[in-house]
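Novice: Now for the letters of each chain:
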Amino acid sequence: MAADLVHQLVENAARAHPDKEAVVDGGRRFRYGDLADAVRANAAALREHGLEPRDRVAVFLDRSFEETVGLLGAARAGGVFVPINGLLRPRQVLHILDDSGARFLVTSARRAEILRDVLAAAGSLERILLVDHAPGPGWDRRVVSAAFRQAHAASAPPAASGEDLVAILYTSGSTGPPKGVMVSHRSLLAGSRIVCRYLGITADERILCVLPLSFDYGLNQLITAVEKGATTILLSFRFADEIVRAIRAERVTGLAGVPTLWVALTERAPSFRREKLSTLRYLTNSGGPVPTEMLDRVRRAQPHVDFFLMYGFTEAFRSTYLPPAELARRPTSIGKAIPETEVMLVNDQGERCRPGEVGILVHDGPTVTLGYWGKPEETAALLRPHPFAARPEGRPLVCYSGDRVKADAEGYLYFVGRDDGLIKSSGYRIGPSEVEEALMSTGLLTQAAVFGLPDPVTGERICAVCVAAGGGEADRHEILTRCARELPQHMLPRDIEFVAELPLSPNGKVDYQALRVARGAAADRP
Amino acid sequence: MADLIDLGDEASLLDAGVIDSVGILELLAFLEQTFGIRISDEELSPEHFDSVEALVRFVEAKR
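So the sequences go chain by chain: S and R. Using my numbering, the first residue of the first sequence is number 1, and each one after it goes up by one. Using my numbering, the first residue of the second sequence is number 1001, and each one after it goes up by one.
If we strip away everything but chain R, and leave its shape as in the complex, we get (with noise of 0.2 angstroms):
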């Protein structure tokens, strides 16, 4: 519901109403095939989806 613009790297995606239950799954298959990786069911946890800062460290921690 924030205006998209004013969101910060840290900001909270799933709070801000950003990312929906769709905006999920198609951010996990966006980042298996931009990247190259296999995301596991024990990382589909909010603690690594959940601000831009985060999916960064996750992605990078992965590859």
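In isolation and in its complexed conformation, chain S is listed as follows (with noise of 0.2 angstroms):
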């Protein structure tokens, strides 16, 4: 039966074979019955907790068959999945909770202990559903058990249409706190059938899932892997070598990875160089672009694996890809535009750019978003009438990046830049001002300018040039120790400077560029 909502995916695996691995989750193993049956349970248990349909359901949980049988069944149950990364510091998450306006919150009995201020706080949330533990005294009166394997009566989902919010994924921008990108249960499936096509992935795709689940990259891995019946294995590792391991253990064909993971791969995981994967097929790379000194040393080590350069933005969910056959030829392109879409760049004049030519990159297709959660003006300037074919009252609304990219004469596209300051590190987006208020709050300073740098590493290195309350120097590591309260290790600056001032353009703005510039960066346009 072909699904037109996501939680189908997981009914119509288990119907045509209960007993396939689903998901390996440490020493735990998973059939589709087990996690079709854990979702319903789940369903059920919000139901009977009072979801209501469109009602935002947060999930901040270690990467783990709980989490994904918390966003799975928040779908069935009619509600609205707000996946929350677990390395998030209380007050991000937050954030999140009241800007979603979430009622309800699957978590771990730990995970509730370290939010114990914030949930106080969170004034829309109802329910703490936990997933290892019955509450007990002196908890919040509104905790409750999630109760993933009581028995429930099996209820039917509550009548549901592919149109409908399904998800909200938090990531950050240029300016302001994360916004909520809007998903439907058309576009996450449009999503998958397209991945799914480009990477030819079968039912017998072992999948290890390395990546946040509150990124787009990570969920679309999870969501294909259900459409297929493959088995998703999720890891949490320290050490590239786990990596490598997971992979022979498990017998795992496919990868999703960032940037910094083929660092790891390469630098400090000493069985990848030195051994034959034979069961991988294919890896891929999304979040930032891969050195091509990088891209030789992983290909060299496992040459009989497809490579797959991929460029997405949560916006557009996945965007272009490069096929393996092309990658000799040009390692440092994104490809171009996945099935069922069109990618075109649009200079500053409003028209199609010619090849080489830089411009923004701008999607339409199945996979665009519905817009920012309560965002409409944020919404407007990021979905727009297409640029150049005339459409019925202009619909549907084609997606404007932010992101600079030029084609060459072939039509392959080549990321450049972005006009705003959004960081790229270790493939999550970063907003500098989220970094500049945590620094602020330090009561240390008193102004900070947060941006990134090159590095080999982590892609862009997060430098603050700051200037010190009472002149001079500030202590950094107090400044850092400070920090940490506030955001997770990713998004600490790894350079902390100190000027008498910083430069302003001529606008009276503090001049990004300039402090860029004169720390190394390219310079970029004017």
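Just so you know, the hints here were simulated from the structure itself, not pulled from any lab data. One or more hints might be untrue.
Examples of chain S residues lying across from chain R (beta carbon under 7 angstroms, computed) [said to hold, decoys possible]:
no., residue
1, F237
2, A264
3, V457
Treat the numbers as computed from the prediction; the structure is a model and nothing was measured. Every residue, glycine too, gets a C-beta built ideally from N, C-alpha and C.
Both chains are sitting in their own frames, so use the hints and assemble them into the complex.
Specialist: Encoded structure:
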């Protein structure tokens, strides 16, 4: 049966092969029958606790079977799942709970304890479902058990349409706190169908998932696996050799990574260089460019593996990819549009770019977001009428990426940079204003400017140029210690520099371009 | 996830979530540059990097 709704993929897979392995989480193995049972139980629990269609269900957990069930169960109950990266600090979690107006939070006892203070402040939250614990005395009275394994009357899911909102993915922009990107069932399924097609994913795939499910690229891995009835292997790793061991032990066929992962595998995972990983069929990269030299090292280590360079942004899910056959000829290209999609480059005059001319990448296709949750003005800037085709009432709208890209004579695309200050580090989008706010909250600074500089390990290194309160220098250690309460490790500045004053541009704003260029970044366009 | 200030020298940095996979990469590069040591493939194991105490022992032994 063709699926219109995400949770139908689970039912379809469970009906077609109930005994096939669906999710491997450490030593625990779950078949599609188990997954479908847990998703039904979770959905029933949410409904029993009063979930209404479109209610937001935040899920804040480690990468785990329970996280997977939390997301899919919310979808089945008719809700909207909001995956929160497990690395986020309490106040960042509170922002997402408040901004999304989440009525439900699915989490663990340990995480609920860490969140205790901010949960008291989360006004929209009515129920906190613990996946691992029956609430004891002294807990917040909103806390209940998620009861994944309890037998619930298997109620039919409420009526829903493919156009309905099913997920909100929080992502950073160049200014302000993270915004929620709204995803419909239809676009989530389109993203899965499209990626399955160009990666050639089949039911035999065993897909290693090391990326957060709060990241569209990580979520897409899970949905493609469920669509095809393939197996997802969830892994949290610290040492890159753990990945190699998992590939070997679980006979992994596919792995999605970000640039930093290839650094870890080629430089700090001895067995990746020494052993042929014979089950491995493909690797994919997204979240930033891979230096050509790094690409060569990955391919020398595992020459039988197809390497797909991909490009996407949360607002359009996936956008382009380079077929592996083209990799040797154009290793720095992000390829061409994914299936069912048109990608165009638009210059400052609003015209289509000529080959070699840099313009903004504009995406038109079924994976485009419904917009930013609760942000009509930002949505209007993101989603606009097609620049070159007249459409009745201007619909569907196309998506303006903000990424500057150029094309060669054959139409292959190359990422150039961005007009704004958004930082891409370790595969994450990092909003400089969020880091600046954390720096200012230390009370030790009167001004802080945060920007990215090229870095061989993380892609971009987060740098902060600050003016210390009282002049001179402030205590870097103290600044970092205080910032670490507000930000996870991947968002902390790596360089902190003190100046007497920040350079200003003619219009009186901080001149980030001057700061970057003075510190060795290539001069951008004026 | 723990409060960074409360961590003692013997606390597990890995279990406390203080160091993630990128943190390991950065830590290895920092140790090699700062102390002029080369960390070999065989030494890439959690026992050497799990606490401040273990790190100190490891670097001292290498120098």
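Novice: Hint by hint, work out which the structure violates, then give me just those numbers in ascending order.
Specialist: Result: no hint breaks.
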